[in-house]
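Throw the hints in and build the complete structure from the sequences for me.
Chains as they are written, first to last, in our numbering: chain U, 1 to 264; chain C, 1001 to 1067.
Hints listed in this document are in silico derivations from the structure and should not be mistaken for laboratory results.
Bear in mind that the values here come from a model prediction, so they are computed numbers and not experimental data.
Among these hints, one or two may not hold up.
In silico EDC-like cross-links for lysine to aspartate or glutamate, where the CA-CA straight-line distance does not exceed 20 Å [said to hold, decoys possible]: (1) U:K123 / U:D61; (2) C:K1031 / U:E92; (3) U:K10 / U:D95; (4) C:K1031 / U:D95; (5) U:K123 / C:E1025.
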Amino acid sequence: MNDKLIIAGKNYSSRLLVGTGKYKDFAETRTALDASGTEIVTVAIRRTNLGQKADEPNLLDAVPPSEFTYLPNTAGCYTADDAVRTLRLARELLDGHSLVKLEVLGDPQSLYPNVIETLAAAKTLVSEGFQVMVYTSDDPIVAKQLEDIGCVAIMPLASLIGSGMGILNPWNLQLIMERVQVPVIVDAGVGTASDAAIAMELGCDGVLMNTAIAGAKNPVMMASAMKKAVEAGREAYLAGRMPKKLYSASPSSPTAGIISSTRS
Amino acid sequence: MITVSINGETRQFPQSISIAALIEEMGLTGKRIALERNGEIVPRSTFADQQLADGDRLEVVVAVGGG
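Structural data, given as C-alpha cells:
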C-alpha cells in the first residue's frame, strides 16, 4: 500500500513519531525506537553540563541523525523569544536542519500551550526558513491560523502532555482536520495503544508520543504495540468503517436454510 | 581579567581567549554543540576567530532526549 505521510514535501512510511525522553538509558531509547518503526524522533536542546566528562554517552551516538529525522523541540519554553532562540541553536547544532517542533507552554502545571506566543514564534520561524511542526491546543481557529502562517504540520494535544488521558475531544480534532490541509498529528495525551488507534481512525495523519512508550512498564513492548495500533487505525480509517446502526441488528449468517424446529 | 557568563555560571579568565580555546578548555572540542553569544548564534566555523569579551553571556547547548 502506497500510503505515505508527507511533511514539507518529504515522504515517511511510519505515521508514528516518538520522543526520546524519559528512557532508562540510551540503549533502551534505541531499542524502543526500533520497535516502534518510527522515522521521526523529537529531541530537546539543553545547556551542556559544564562538568561533563568527554566520554559521557551522547544521544546523537545512540540515535544517529543519519538514521532518523530529528525534530528538535522547544520543550520548556514559555515565550516566543526563548522558543525561537532554542530552534536557532538547534539549526546550528544539526548543520542547518530546518524541520522543527515548536511548542510554547503556558504554565508548568498543565503544560498547556500558550497559543498567543506560539503564533508569534511560528511567524518568526517561518520567516527565517524553518519548517515548523507546531504543538497547539485543539482550537480549530488557532490551528487554521497556524496553517495560514505557513506551519507544515498542526499538532494538537489530545489531552495534557504526559497525562496519558487519551483523546478527550475527538470532535475538535475533526473540526481541525476539516479546516486544515497540512498534516494533523496528535501530539500529547496518548496513553495506550487504543488511544493511538482512535486518533488514526478519526483521520489524523500521525501520532506523536513519548511518555506512553517510555512510561510503560515495558517500553519496548509498548513501542511495538503503538506501531501496530497506528497501522491498524490508519487502515481502518482508509477502509472506511461500517455505519453505526443503533437498534438495527443485522445477522452475519444467512437467514435462509435454518433447520426447522422438530416441535410444531 | 575578563568575566563571562557560561550557561548561567560566572567564569573568569586572566585574559581574553578565543571561543575555540574556551570550547577546548571545556572538553567539548569535536562534540556536537551549538553556541549563542549575547543572544546571537555563533557559527562553529567561526569559533577560532571570535574572542571573548568582558561581560559576554554564552549559552552552550547539546541535543538531549526529549518529547
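Quick rundown of the hints versus the structure:
Under the criterion of a C-alpha separation no larger than 20 Å, the hint pairing K123 of chain U with D61 of chain U is inconsistent with the structure, at around 33 Å. Restraint check: the Cα-Cα separation between K1031 of chain C and E92 of chain U comes to about 13 Å, which is no more than 20 Å; the hinted pair holds. Proposed proximity of K10 of chain U and D95 of chain U is supported: the alpha carbons are some 18 Å apart, at most 20 Å. Under the criterion of a C-alpha separation no larger than 20 Å, the hint pairing K1031 of chain C with D95 of chain U is consistent with the structure, at around 13 Å.
A C-alpha spacing of about 38 Å is found between K123 of chain U and E1025 of chain C, which places the hinted pair above 20 Å, so the restraint is violated.
Comparing the model with each earlier hint shows violations of hints 1 and 5; every other hint is respected.
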